[in-house]
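Participant: Now for the letters of each chain:
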Amino acid sequence: MKAINRRKLVSAGAMLAVAAMTAVAVPAQAFSPKSETGVTSKEIKLGMTLPMTGSASPGYNKVPAAMKAYFDYVNANGGVNGRKVTLVVKDDQYVPTQAVAKTNELILKDRVFALLAPLGTANNKAVAASVNPAKRGVPVLFVNTGFSGFADAKKYPTTYPILPSYVMEAKIMGEYIKDNFAGKTIGLVYQDDDFGTDALAGFKTAGVKFATTVGYASGSQGAATAAGWVTKLKAANCDVVILFGVSSATAAGLGTAAALKYTPQWILGSVGGDATTIKAAGVPAGVLYNAVGASFLPATTDTSDEYVKLFSDIYAKAVPGSAFDNNVLVGMNTAFVAVQALKAAGNNPTRKSLLAAMKSKGSTFASAGLLPLNYSATSQVGYNGYWFGKYSPTGDLKPEGGSYTLYTTDSGTGAVVKSTYKRPAMPAKGLPK
Amino acid sequence: MHKLSNLVRIILFIVLGVVIFILSNIVDEYRVTQGTTIAAYVVGIASIILLTGYSGQVSLGHGALMGVGGYTAALVGDQAGAKLMGETATGVNLPIPLTFVAAILAAAGIGALLGVAAARLSGPYLAGTTLALAVGLPSVANQFKSLGGEQGLFYIVGDPPTALGEGVTQSKWYFWIAALTTLIAIFWLQNVMRSRYGRIWKAVRGSDVAAELAGINVARAKILAFTLSAGLAGLAGALWAMTIGTVSPSAFQLALSFSLLTGAVLSGVTTLGGVMIGAVILVAIPEIVHSVVDRVGASQTVADNLPSLIVSALLILTVIFVPNGPVEQMRSKSMKKKARHH
Chain A
1 MKAINRRKLV SAGAMLAVAA MTAVAVPAQA FSPKSETGVT SKEIKLGMTL PMTGSASPGY
61 NKVPAAMKAY FDYVNANGGV NGRKVTLVVK DDQYVPTQAV AKTNELILKD RVFALLAPLG
121 TANNKAVAAS VNPAKRGVPV LFVNTGFSGF ADAKKYPTTY PILPSYVMEA KIMGEYIKDN
181 FAGKTIGLVY QDDDFGTDAL AGFKTAGVKF ATTVGYASGS QGAATAAGWV TKLKAANCDV
241 VILFGVSSAT AAGLGTAAAL KYTPQWILGS VGGDATTIKA AGVPAGVLYN AVGASFLPAT
301 TDTSDEYVKL FSDIYAKAVP GSAFDNNVLV GMNTAFVAVQ ALKAAGNNPT RKSLLAAMKS
361 KGSTFASAGL LPLNYSATSQ VGYNGYWFGK YSPTGDLKPE GGSYTLYTTD SGTGAVVKST
421 YKRPAMPAKG LPK
Chain B
434 MHKLSNLVRI ILFIVLGVVI FILSNIVDEY RVTQGTTIAA YVVGIASIIL LTGYSGQVSL
494 GHGALMGVGG YTAALVGDQA GAKLMGETAT GVNLPIPLTF VAAILAAAGI GALLGVAAAR
554 LSGPYLAGTT LALAVGLPSV ANQFKSLGGE QGLFYIVGDP PTALGEGVTQ SKWYFWIAAL
614 TTLIAIFWLQ NVMRSRYGRI WKAVRGSDVA AELAGINVAR AKILAFTLSA GLAGLAGALW
674 AMTIGTVSPS AFQLALSFSL LTGAVLSGVT TLGGVMIGAV ILVAIPEIVH SVVDRVGASQ
734 TVADNLPSLI VSALLILTVI FVPNGPVEQM RSKSMKKKAR HH
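Quick note, the sequences are listed as chains A and B, same order.
Here the first sequence is numbered in this note's numbering, starting from 1 and rising by one per residue.
Here the second sequence is numbered in this note's numbering, starting from 434 and rising by one per residue.
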């Protein structure tokens, strides 16, 4: 008798699976054939993945609230062609596997119109390879990574980076080092994946010679590993050290070095250089003082800047008590550009019309950036340069000499030159027409 | 004992396959991708049932063995994915079925080595050894450039053949591959369990001293069980890698080993019959939690952490109230009833 029961039970198990899978199978919005996925007469739904928890999350986990604050501001002022913009946020813990699973959910279950600002080089690469948004025609706007490869239209036809690439940043940093730290012994701490590889390529092009380079595995950053970095950097007698990693790595490096009384001239990569995040991790502002940092947006303390003023006002109302820092500024600026892209996609936006709008109008979008957006029919490159500054005694990044000196370059072998770009005025009330 | 003939069993499996095939064409694409995950879990849980339920050994390291399978499959079949992403490829590009075979063989090889150790260990010592494997092995992958470090390797099974037409999405194609592989694996496993070896393992589980007295080579039986179980875990790993398109240390963490064990306990560890229950629960719980959380408007953090809590609670409740799993429980109840009627 036992064997028969077992057969029955196999099929019973199968039935259970069947029931579970079909129970909530067909969501209602599947039956609105006319409009595009993620677009109704009242709403445009966007989705993003980023680390909200885990070792890489500090700082970046403020981005969704910042974006939502701006979207809510737009929604309260008529929305995008009458539609509200909503943002579905999923935590991927900076783990590529999770990013793939969550992006699958965003596209197939939440049925978002487009992906907005998904974070991480490795994560976006894994998503591109296995979820393949390009093949599904899903736009991936303004990926929150500086990996230069994402501007490659052949490999990532629907992906639009916004940050200047790590190659550009490294090349410009190389120029800065030549001008300011010639003859010094230089060390580098980088993330040992495509994020770091991209930077290494830029430093090579710039001709920067390192006394030592320390790669760390993503997720391994912490006081214990950072002690290892410091030992290596000290042994190589580095006077100038570049920390080119995520914020938590920058904080671990600075904090541990301070504890071990190692005080080289620090240069911080832009994605890991947010002062609030570093200070929140327990690094005293004094340690940050005089470190060199880079940005393509105005300084967050520069309230004479119309964008900074507007965004910080909106943010203060939406998220009271939270510091307005560089992650917030980047997030709100990204949301600001995204709203223009959605508007440009027309009254009945489709994924195709959005991508077409990026090509035809992308370079005309207003933004807080002190460098131009370089989108065109043949280019998916966002911003293309940086200004350098030093952190103040309170730990705020400010331009040297009080005014922004902007450098621009490309992700190839082009020269680093001073930028002559003049940013157009902000649309009235920060609401794109 | 009356047993179904092989012919009837084959027919039943084919019918099950047809039902699954029809379903995959009815439900929406997201459910199909979940189905693929369920299939990978089914094979993984079955490997634990074979090991623990039948041969009485314990393993906390099957997540790592899945990793061995996943990495092997990616290494021998990564050409397409690597090219797509502009990475350096290993130069080996076997067809997909052969990458599965390679995954099975590699994991079984490691399993055989482990099995030799396992034959000398038992209880907590064996649990400790396999636990060390689960913790250590993923970080080994971090140390080798050729294994892609933390970022791992791509494993892209590729698009469905164009001959199948436009309606066949990649998700469906992956699901069919996973479902067919799983059906074959479970059919084979049933065969093994119905064979002489199945009986030998049960004898060993009951009492290895008694088994030895009956002329069974206990050590060999244990090693064989470990090897076969590891091979199945390797296959599960390859399926797992296929569903996520990559293999990386983070995909095969300790939590995966525990998930498999939990799934096996929920399924009823001594019987293959309930193997789907555990797999469906593991996939369904985060899903249900998310929809509830969305409705009541609780935070994302709650939605992300609650599933593991519920699964753990279920595990504890199962062990306390239905130690042999719901399926075995129902069966023994109905048997008792019958016994009373006679």
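Hint data in this document are derived by calculation from the structure and do not stem from the laboratory.
Some hints could be false.
[Claimed, not checked] Here are the simulated DSSO-like pairs of lysine-lysine, each with C-alpha atoms no more than 27 Å apart in a straight line:
id	chain 1	residue 1	chain 2	residue 2
1	B	LYS771	A	LYS154
2	A	LYS178	A	LYS209
3	B	LYS605	A	LYS135
4	B	LYS605	A	LYS232
5	A	LYS178	A	LYS232
6	A	LYS155	B	LYS771
Participant: Would you check the hint for LYS178 of chain A and LYS232 of chain A, treating anything up to 27 Å between C-alpha atoms as holding?
Facilitator: holds (23 Å)
Participant: Quickly compare the C-alpha distance for LYS605 of chain B and LYS135 of chain A to 27 Å and report which way the hint goes.
Facilitator: Satisfied, since the Cα-Cα distance of roughly 15 Å is no more than 27 Å.
Participant: Need the status of pair LYS178 of chain A, LYS209 of chain A: alpha-carbon distance at most 27 Å?
Facilitator: holds (11 Å)
Participant: Hinted pair, alpha-carbon criterion (27 Å max): LYS155 of chain A, LYS771 of chain B. Please report holds or violated.
Facilitator: Answer violated: LYS155 of chain A to LYS771 of chain B is near 65 Å, above 27 Å.
Participant: Taken at face value, is the distance from the CA of LYS154 of chain A to the CA of LYS771 of chain B at most 27 Å?
Facilitator: violated (68 Å)
Participant: Within a Cα-Cα threshold of 27 Å, do LYS605 of chain B and LYS232 of chain A meet the stated pairing?
Facilitator: Not satisfied, since the Cα-Cα distance of roughly 50 Å exceeds 27 Å.
The structure is inconsistent with the numbered hints 1, 4 and 6, although it conforms to all the rest.
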